[in-house]
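Protein chains in written order, with this note's numbering: chain Z, 14 to 299; chain S, 92 to 357.
For the record, the hints were derived by calculation from the structure and aren't laboratory data. Just so you know, not all the hints are guaranteed correct.
[Unchecked claim] Pulled from the structure, derived: some chain Z residues nowhere near chain S, Cβ distances all over 10 Å:
hint	residue
1	Asp38
2	Gly191
3	Glu263
4	Ile289
[What the hints assert, rightly or not] On the chain S side, residues computed to face chain Z include the following (Cβ under 10 Å):
hint	residue
5	Gly104
6	Arg159
7	Lys270
8	Ala274
9	Arg275
10	Gly276
11	Leu294
12	Val296
13	Pro297
14	Ser301
Backbone N, C-alpha and C fix where the C-beta goes; we use that ideal spot for every residue, glycine too.
What follows is each chain in one-letter form.
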Amino acid sequence: MSIEVQNVTFTYQPGTPFATTVLKDVNVDIEEGEFVGLIGHTGSGKSTLIQHLNGLLLPTAGRVLVDGSDTKEKSVRRIIRRKVGLVFQYPEHQLFEETVAKDVAFGPENLGLAQDEIQERVEEALVTVGLPPNEYAKRSPFDLSGGEMRRVAIAGVLAMGPSYLVLDEPTAGLDPRGRDEILGQIAELQQKQGLTVVLVSHSMEDIARLVDRLIIMYQGQVVATGEPRKLFQQADELKELGLGIPQITEFMRQLHQDCPQVSTDILTVDEAVPEILAYLRGQAHA
Amino acid sequence: MLKDITLGQYVPGNSLLHRLDPRTKIIGAMIYIISLFLLKSLVGYAAITIFTLALVLLSALPWSYVLRGIRPVFYIVLFTLVLNFFLTPGETVWQLGPLKVTDEGIRLGIFMGWRLLLLVLSTSLLTLTSSPIALTDGIEYLLRPFKKIGVPAHELAMMMTIALRFIPTLLEETDKIMKAQMARGADFETGNIVKRARGMIPLLVPLFVSAFRRADELATAMEARCYRGGEGRTRLKELHFAGRDFMALAVSTILLVLSVVDRIVS
Numbered sequence: 014m015s016i017e018v019q020n021v022t023f024t025y026q027p028g029t030p031f032a033t034t035v036l037k038d039v040n041v042d043i044e045e046g047e048f049v050g051l052i053g054h055t056g057s058g059k060s061t062l063i064q065h066l067n068g069l070l071l072p073t074a075g076r077v078l079v080d081g082s083d084t085k086e087k088s089v090r091r092i093i094r095r096k097v098g099l100v101f102q103y104p105e106h107q108l109f110e111e112t113v114a115k116d117v118a119f120g121p122e123n124l125g126l127a128q129d130e131i132q133e134r135v136e137e138a139l140v141t142v143g144l145p146p147n148e149y150a151k152r153s154p155f156d157l158s159g160g161e162m163r164r165v166a167i168a169g170v171l172a173m174g175p176s177y178l179v180l181d182e183p184t185a186g187l188d189p190r191g192r193d194e195i196l197g198q199i200a201e202l203q204q205k206q207g208l209t210v211v212l213v214s215h216s217m218e219d220i221a222r223l224v225d226r227l228i229i230m231y232q233g234q235v236v237a238t239g240e241p242r243k244l245f246q247q248a249d250e251l252k253e254l255g256l257g258i259p260q261i262t263e264f265m266r267q268l269h270q271d272c273p274q275v276s277t278d279i280l281t282v283d284e285a286v287p288e289i290l291a292y293l294r295g296q297a298h299a
Numbered sequence: 092m093l094k095d096i097t098l099g100q101y102v103p104g105n106s107l108l109h110r111l112d113p114r115t116k117i118i119g120a121m122i123y124i125i126s127l128f129l130l131k132s133l134v135g136y137a138a139i140t141i142f143t144l145a146l147v148l149l150s151a152l153p154w155s156y157v158l159r160g161i162r163p164v165f166y167i168v169l170f171t172l173v174l175n176f177f178l179t180p181g182e183t184v185w186q187l188g189p190l191k192v193t194d195e196g197i198r199l200g201i202f203m204g205w206r207l208l209l210l211v212l213s214t215s216l217l218t219l220t221s222s223p224i225a226l227t228d229g230i231e232y233l234l235r236p237f238k239k240i241g242v243p244a245h246e247l248a249m250m251m252t253i254a255l256r257f258i259p260t261l262l263e264e265t266d267k268i269m270k271a272q273m274a275r276g277a278d279f280e281t282g283n284i285v286k287r288a289r290g291m292i293p294l295l296v297p298l299f300v301s302a303f304r305r306a307d308e309l310a311t312a313m314e315a316r317c318y319r320g321g322e323g324r325t326r327l328k329e330l331h332f333a334g335r336d337f338m339a340l341a342v343s344t345i346l347l348v349l350s351v352v353d354r355i356v357s
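So here's chain S without its partners, still in its complex pose:
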């Protein structure tokens, strides 16, 4: 169950996508998402689907692994489909009691569901090909201009680094405590909601205790190494734009322009 979560999981590699500057990838992903929501025509959707699949190929990641990442959103997609099918006004195609499926609903439902799938697929590509450190570095750079209006860019980035860093640790810890309590006869899988919620106490209490302990230790370790925020801080790895980054940004811009055209035409 826990091991199915691939969100935020980085798979090291040396593909073109891996080597792109994290800033390029973040901006690219943002442009991609905007384009995705601009698109309206069937041709547009087909084109961006092919484009996305090409990106997966470029990432050189195993297909099965990339697709596993979209499994958790399956139910959300299903939910979107059903809601759109029944709640969109239009020509009735099929009727079940008071519920009507409309042709407009089917069209919209499929588009929305498809959009969601592509959205998750592309963003998981971003995290699968960029290490958490690279990502937060990128975010820090991109947030820099907002420092003037009081956005604590460095602190935000540091918090994100720490949060991302602790996702696997806490998952591992959860797994360990779960097993330890199961060894003492705890049951996390059966019973009604109340019983299950109560059953979480032996898991959550130790998990919180250990999270606080870790946070405390981390704070001490950072202070012991004289951490004092972002002021005057230099980095081990400077970010540099390379030719491929300009190429990627150019491709993103073209994607955006095409989407706008698609929107206006259809």
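Just chain Z, with the same shape it has in the complex:
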């Protein structure tokens, strides 16, 4: 079970003066249970690529297979949309119902589920995103804070029961606490429920420590893929693509130039502390 993107090329508004090719021969595989980070500079084609994963956009050339079914097949499109949950950028802009519960129920209702099943899914999804149903279910989504609205929107997609969850910049415009909460909940979902997650971001800082694998896009092409630690060893190439590496990794790299014993294979401050302490102890004993 996987999503396979095979030789996908996509052109916006073909045949007009505005025609632009935003994806060029893209090949990506997303395996079940994986936590993938899709990263690239603004305009690199990330958002266009993820809209191919559930058939919202269809490739101009090439094909996308979700668990073996082609997204071009009309008959399987509904199944694909259910399997691949897509959370857009600023998803709170899609809220429309009078109450939080009704809004989250929109997806399951479109699937034609029974009322009690819908009820169950709505509550489950709200709990997952950290909004207790007894407190939030009856409130209007338009009275909530920005971070809460966004979590309601994410719950709306989770309630569809997807096996793949794709999130486009889920932390854009949130304060650090809101960001950490949402990222934490996503990581938990992936670990506990074995959900396959694709996280789109332009910030290495956010996703480097979370994901198993990074896919790096540049001008409509996939230019690199692999574990974050391995990719960060090529920091100079990343900078050329308009991408940074996490600040702490950058710091360790600079420290490494003066103190070659220090490892540069560091993604978080928590990893950096023992590394530096070990180095300092080594110095003291020398």
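Use these hints to put chain S onto chain Z, whose structure you have.
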């Protein structure tokens, strides 16, 4: 579907039509429309068709793109044709039950349909070759004389600028919300009218919410920059008539005179 709308879409360029003063283009378009409705003879229609095609050539825009703009009016033209075919009195050419097609109907229908096509083609040429800002600037200048009788020229122009400015933004927003709801299993394409109308709610509510939010933000941004209407306001780009503008106006006048002659003769 949404991307087929080319009305109000500006394609930047540097052709003669692009460089004309927007006032010239607006007045020219108005004269063109009056001429179009004055014309009566076949020769007249042939001449104005050639003239219009020459304008498209002058605009240096791709033909396919210009023609795409008239696709949405196809059904209106068809409707005009059918209505005229059946409802104009005259010699019966062909009969289907109580419905009669008359020779006068065919003549009138084709003329009317052709007129509509040329009308849309020429006005879309105007918007394709003038930026929205240039257009509203032009309208503001042209409305100035009416200020004396209480027409708020500047405010009208500002409202039009803002409206035009937000067409692409709202289209983009619609597209985005539609996709987001489709990702949640919404269906905008099948079902009967009632079901489809209900299906629009998840699209329209967020769209209105965001339109109001944008309007609010825009108003704040304008106030923060001390916007206080048109009084004493100067412009970054002053409009100037050049030689080509007088040429274009002369051509327009000739077109008008010829149309009047055509009307009287036939």
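Going through the hints against the structure:
1. Asp38: holds, 24 Å
2. Gly191: Non-interface label on Z/Gly191 holds, nearest chain S Cβ at 19 Å vs cutoff 10 Å.
3. Glu263: At roughly 35 Å from the nearest Cβ of chain S, Z/Glu263 sits farther out than 10 Å, so the non-interface label holds.
4. Ile289: At roughly 45 Å from the nearest Cβ of chain S, Z/Ile289 sits farther out than 10 Å, so the non-interface label holds.
5. Gly104: Holds - the Cβ of S/Gly104 comes within 10 Å of chain Z, reaching about 9 Å at its closest.
6. Arg159: holds, 7 Å
7. Lys270: holds, 5 Å
8. Ala274: Hint on S/Ala274: holds, closest Cβ of chain Z at ~4 Å, below 10 Å.
9. Arg275: Since chain Z brings a Cβ to about 4 Å from S/Arg275, closer than 10 Å, the hint holds.
10. Gly276: Since the shortest Cβ distance to chain Z is 3 Å, the answer is holds.
11. Leu294: holds, 8 Å
12. Val296: holds, 4 Å
13. Pro297: S/Pro297 check passes; min Cβ-Cβ to chain Z is 5 Å, inside 10 Å.
14. Ser301: holds, 6 Å
The structure fails none of the hints (numbered hints given earlier).
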